[in-house]
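2 protein chains.
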Amino acid sequence: MKLNDATPEFIDSLRKALFDKALRPVEPRHLEEPRGAWTGHAAAVIAPETTEQVATVLRMANEARVGVIPYGGGTGLVGGQVMPDGAVPIVLSLERMTKIRDVFPNENIMIAEAGAILQDLHTAAEAADRLFPLAIAAKGSARIGGNLATNAGGVNVLRYGNTRELCLGLEVVLPDGRILNNLSRLRKDNTGYDLKDLFIGSEGTLGVITAAALKLSPRPAGEGTALMIVNSPSGALELLGLARAHMGEGVSAFELIHRTGLEFLAEKLPEIRLPFQEFPEWFVLIDVGLARGLNPAEALETLFADAFESGLVSDGVIAQSETQRTAFWEVREQIPEANRLVGAISSHDISVPLGLVPEFIARAGEKLASMGDFRINCFGHLGDGNLHYNVFPAKGRTRKEYADQKLTISDTVHDLVADLGGSFSAEHGVGRLKVAELERYGDPVKLQLMRMLKASFDPNGIMNPGAVLRRND
Amino acid sequence: MKLNDATPEFIDSLRKALFDKALRPVEPRHLEEPRGAWTGHAAAVIAPETTEQVATVLRMANEARVGVIPYGGGTGLVGGQVMPDGAVPIVLSLERMTKIRDVFPNENIMIAEAGAILQDLHTAAEAADRLFPLAIAAKGSARIGGNLATNAGGVNVLRYGNTRELCLGLEVVLPDGRILNNLSRLRKDNTGYDLKDLFIGSEGTLGVITAAALKLSPRPAGEGTALMIVNSPSGALELLGLARAHMGEGVSAFELIHRTGLEFLAEKLPEIRLPFQEFPEWFVLIDVGLARGLNPAEALETLFADAFESGLVSDGVIAQSETQRTAFWEVREQIPEANRLVGAISSHDISVPLGLVPEFIARAGEKLASMGDFRINCFGHLGDGNLHYNVFPAKGRTRKEYADQKLTISDTVHDLVADLGGSFSAEHGVGRLKVAELERYGDPVKLQLMRMLKASFDPNGIMNPGAVLRRND
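Protein chains in written order, with the UniProt record's numbering: chain A, 1 to 473; chain B, 1 to 473.
Everything labelled a hint here was simulated from the structure, so no lab data went into it.
Cβ atoms here follow ideal geometry from the backbone N, Cα and C, with glycine treated the same way.
Keep in mind that the hints are not guaranteed to be accurate.
Said to hold, decoys possible - Covered stretches of chain A, going by a simulated chain B footprint (3 or more residues, C-beta under 8 Å):
| hint | stretch |
| --- | --- |
| 1 | 144-155 |
| 2 | 289-295 |
| 3 | 365-375 |
| 4 | 418-425 |
| 5 | 459-465 |
What the hints assert, rightly or not - Residues of chain B clear of chain A, computed beta-carbon distances all greater than 10 Å:
| hint | residue |
| --- | --- |
| 6 | 23 |
| 7 | 164 |
| 8 | 198 |
| 9 | 276 |
| 10 | 396 |
| 11 | 447 |
Throw the hints in and build the complete structure from the sequences for me.
Spelled out as structure tokens, the structure:
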């Protein structure tokens, strides 16, 4: 289905239909993505204030066969928010739909509009003595609609699940302007097909999420954080098992960090205080949130003693204060920034079955060593089998020198991941960056069904054209 | 789309294609449902041994336009497993696909075929020192494929979620015989649309689930159970909040029970030992599973003391042994049997937003009181906002005397539920019993999308015809 450019006449008809300040000038931020990989084009930015206005925009775009790029906080890392070519689309920004419509503390539920900023949801939950556990680096600018559209992950997935698991219901505008009212506050409702999960993670290609019913959690009575030096990734896995045997769901985060991460921090962000004098090859950050009657620092001490006795850990440090907890987390959270300053040749957001993480790390390292001289920074959410596996130039060399190897590196890593039954995109999504990977690695029947669903929901192909699935034109 | 009868020639062609013992005689159990509401018809029972055989059956049925009724343990309560009229279908029983293909204790994952009996999954998980938390009364005969197809609930949803939340990936045979390979062991995988959740809860109308990757949990270090007398449903809700503030995710089950339940047990199952001399109007069963370092009985004592001080509970008893825990649970679990022996006029499996449970109970009671003389047994999974709200004849009267009121009672309850934003089927599904309710109470756009999905996945309408959505013929 061929799309039309969004003409000045079309934009004018939108202006007349919306009767308000919904039409915005196109600003550079609407056409960029954080890594600067490409630049988009658009005839206008439309920022509706109500669900009905979103419906009007989609209905008119559908009739005119004009592409629509849904836009949240613009923090996505796979180009899902930027259309670089094809017929000129409009950008539909949710930035004016930021209301938290309701908080129900005794139900552990919050109803928020898609444009609400993640950090504001945290604040609102905290004000009700509750926790909204979705925690990602971009929380200060990411909007919940985008988090839902991409099924965002983050550091608390081990305990609380991905964004999908934090959503009870959605309000969605379909490409033809119909509104699906599914803002359920129900924990159990078996009355027909689960539509919500089809929209979550579909990256704006099936409709526009305008509001969501979100799950809150009780705040843990006490929290604690430790860093423990492990002898290997497989030792880290055993430690995770031990931690869960001790504390069950109380383990909120379990992050694996490699020496390279500390080296990059020392080199590029010397103001960050590092926890070890001598850098260990592998260590983990364990974060726990426990019920009343348990002292988190003591529970971590007990875990450490057990693990030390079993030879799983050789040293460690347990935060004795909130300041120290924050400092430990700072080490983990600043690694991506250090990476950015060093400059990766190729970055990978992969997952493999948990038990195969050590094999992946070993085999990927061997394969890359046979291809050239690299530094590898492998770190991430071990508890979820999700690693950020980033390949950098050898010390003293620049990534330009490796330009012709970039694709081979990426293919090598992703082939190995596929071989192990893993995913080439654990938490970032497909966007426009990984469309070819999806075609290459996706189950063929899954791809057929996805194309069928796209054609059913969006027969004119106006929704985020070229994201997730290749455009037909 | 009109379906054809499964003719002797068609059955014969299946027999030739399958080369094995897949063809079974039609037994009465395949045409019945537990409450005896109706009887099905079928030309044959096919029990394949492999996914490929399931694919062959569906491909041939699709070509011949013969209806297929997927059959698990036959324990569903809404007639999803029994087709009473229309063109004669075949029953596709998963009873020979019972393998547990793999258990990965360190990944907390189990891969099981659809015909595996729920109880056997519990046993296999326990053998690996893990927990498969789906717990329903029919666990001895229900099969996991049916649990997935109906998104079964049960008593542990508060802590572990519905069956949907316990599934990481599926293998599904589509109506045309294609096989979707999605048996993922990944906790994070954002590579395209979420198809799994479309099949879960679709009650066999979009395809046949043949295997699943299931989430296991660490076993809690210690478990405990208490019964506490509350002054009202709203007091019970406050107690739930307090319990979660004390123990977070440690609260595994929180069941509300009314005096009527105890009265029915005393009347019909006098061998069950009842916990209170004088029956309280309302009490709750609280089950907890806690991490190391916490004594569950002590934690429940502390909770009780706090709740007593706040006036939320007036009395209670905390299990001091496993035997006593089992005895407490026996009270809860035998209530449905006592109900069956008393004989309900109308039974309802409803949910409402948690905070509206007290309002629902009050208003439903008032409405029914104005309609006649009934006994109401209201009990269930308060933590999920899910109540079994069952209406019985007044003492000394029979349900025959109320036959003409049955429909009005059901409509009254379901209208009120809808008014409160609730669900007319919290955990049992739609099946054939509640198709009219779905049409009456479902969001119109949701229904349109469901019909569109059904037509896309199953254009000939062979899959479980008349379940969830009305047949077209």
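Each hint, compared with the structure:
1. 144-155: It holds: at least three residues are needed, and the stretch 144-155 of chain A offers 3 whose Cβ sits within less than 8 Å of chain B.
2. 289-295: holds (count 6)
3. 365-375: As far as the stretch 365-375 of chain A goes, the hint is violated, because 0 residues have Cβ atoms under 8 Å from chain B.
4. 418-425: holds (count 5)
5. 459-465: violated (count 0)
6. 23: At about 27 Å from chain A, residue 23/B clears the 10 Å cut-off, so the statement holds.
7. 164: Answer for residue 164/B: violated, closest chain A Cβ roughly 7 Å.
8. 198: Given a closest Cβ separation of 6 Å, the condition is violated.
9. 276: holds, 27 Å
10. 396: holds, 35 Å
11. 447: Violated: least Cβ distance 8 Å, not greater than 10 Å.
Figure legend: structure checked against the earlier numbered hints; hints not met, in rising order: 3, 5, 7, 8, 11.
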